[in-house]
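With the hints as constraints, model all of the structure from the sequences given.
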Amino acid sequence: MRTLRVIGIGPGDPRQVTVQAIEAMNGVDAFLVLDKSSDRKNPAVKQSLVGIRREIVDHYVEGGAARFVEVDDPPRDRDPADYEAEVRRWHLARAERIERALLDETGDDGVAGILVWGDPALYDSTLRIVDDIRARGILDLAVEVIPGVTSASALTAAHRILANRIGEPIHVTTGRRLPDTPPGADSNQIVMLDADCTFRRTAAPTDQIWWGAYLGTPDEILIAGTVGEVGDEIARVREEARARIGWIMDIYLVRTADSA
Numbered sequence: 001m002r003t004l005r006v007i008g009i010g011p012g013d014p015r016q017v018t019v020q021a022i023e024a025m026n027g028v029d030a031f032l033v034l035d036k037s038s039d040r041k042n043p044a045v046k047q048s049l050v051g052i053r054r055e056i057v058d059h060y061v062e063g064g065a066a067r068f069v070e071v072d073d074p075p076r077d078r079d080p081a082d083y084e085a086e087v088r089r090w091h092l093a094r095a096e097r098i099e100r101a102l103l104d105e106t107g108d109d110g111v112a113g114i115l116v117w118g119d120p121a122l123y124d125s126t127l128r129i130v131d132d133i134r135a136r137g138i139l140d141l142a143v144e145v146i147p148g149v150t151s152a153s154a155l156t157a158a159h160r161i162l163a164n165r166i167g168e169p170i171h172v173t174t175g176r177r178l179p180d181t182p183p184g185a186d187s188n189q190i191v192m193l194d195a196d197c198t199f200r201r202t203a204a205p206t207d208q209i210w211w212g213a214y215l216g217t218p219d220e221i222l223i224a225g226t227v228g229e230v231g232d233e234i235a236r237v238r239e240e241a242r243a244r245i246g247w248i249m250d251i252y253l254v255r256t257a258d259s260a
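Just so we're aligned, residue 1 is where the sequence shown starts under full-length UniProt numbering, counting upward by one.
Mixed in with the good hints, there may be bad ones.
Quick list of the computed label-pair ranges, beta carbon to beta carbon [what the hints assert, rightly or not]:
no.: 1; residue 1: G228; residue 2: E105; range: 46 to 56 Å
no.: 2; residue 1: P218; residue 2: I138; range: 36 to 46 Å
no.: 3; residue 1: E105; residue 2: G137; range: 17 to 27 Å
no.: 4; residue 1: I161; residue 2: L103; range: 44 to 54 Å
no.: 5; residue 1: P179; residue 2: V143; range: 30 to 40 Å
no.: 6; residue 1: E62; residue 2: R88; range: 31 to 41 Å
no.: 7; residue 1: P179; residue 2: V237; range: 16 to 26 Å
Because the hints were derived from the structure by calculation, they are not lab data.
Note that the structure is a prediction, hence the values are computed from the model and not measured.
Here a beta-carbon is modelled for each residue, glycine too, at the ideal position from N, C-alpha and C.
And the structure:
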């Protein structure tokens, strides 16, 4: 039976890779990497995104250079009429391509690995895609999941803060869903995937925000202050960094002032 290891590698710092992840990587025959068409057009982006993963693997895997297999990522409509249906279609297309790579690149008893930024359980589609592969019934596949340091943990550590105050809830969401935060859940919000800096529309000027990008990498950027003081700066710095580097992964914690 083939085995697929879904390995959380943290936000990018090789020092934040766990011992369990290192042990799992050392038993992998081939690492599968989804290669987006937009990345292929920008060699610097591709080198950076794949390069960080290669650096981590080369640092910890013994016995010579590990084998990386690049899988073409299917195209996706970024502004569909039905967002959830489009994401579902995209996931199914991804599942088909990863399944084909598993069949082509690993033997019947082979072990493949997918390196996941942060933790596989938090706003990552890999496990959902793995479920689709198994549901298709074509491939007999054992799945192992290795947790990783989350970007939320890396953010609070970088800013040297707690994620919440005594007795307060923590709401984890995306920029798309931020305006839908239910009443009472907005005291401490950790927000991912927010290309539009939605907090500028939803937060009060006196709310506190702690923002970070490229956490744990040499390109790490941190900004903190009230939304009124640093909100526009975050949006500007974010866009400049994305244009300069070619991609961005960022996250922020926004906290209401009235719960101080």
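Outcome of the hint check:
{"no.": "1", "hint": "G228 to E105: 46 to 56 Å", "result": "52 Å, holds"}
{"no.": "2", "hint": "P218 to I138: 36 to 46 Å", "result": "42 Å, holds"}
{"no.": "3", "hint": "E105 to G137: 17 to 27 Å", "result": "20 Å, holds"}
{"no.": "4", "hint": "I161 to L103: 44 to 54 Å", "result": "46 Å, holds"}
{"no.": "5", "hint": "P179 to V143: 30 to 40 Å", "result": "35 Å, holds"}
{"no.": "6", "hint": "E62 to R88: 31 to 41 Å", "result": "40 Å, holds"}
{"no.": "7", "hint": "P179 to V237: 16 to 26 Å", "result": "23 Å, holds"}
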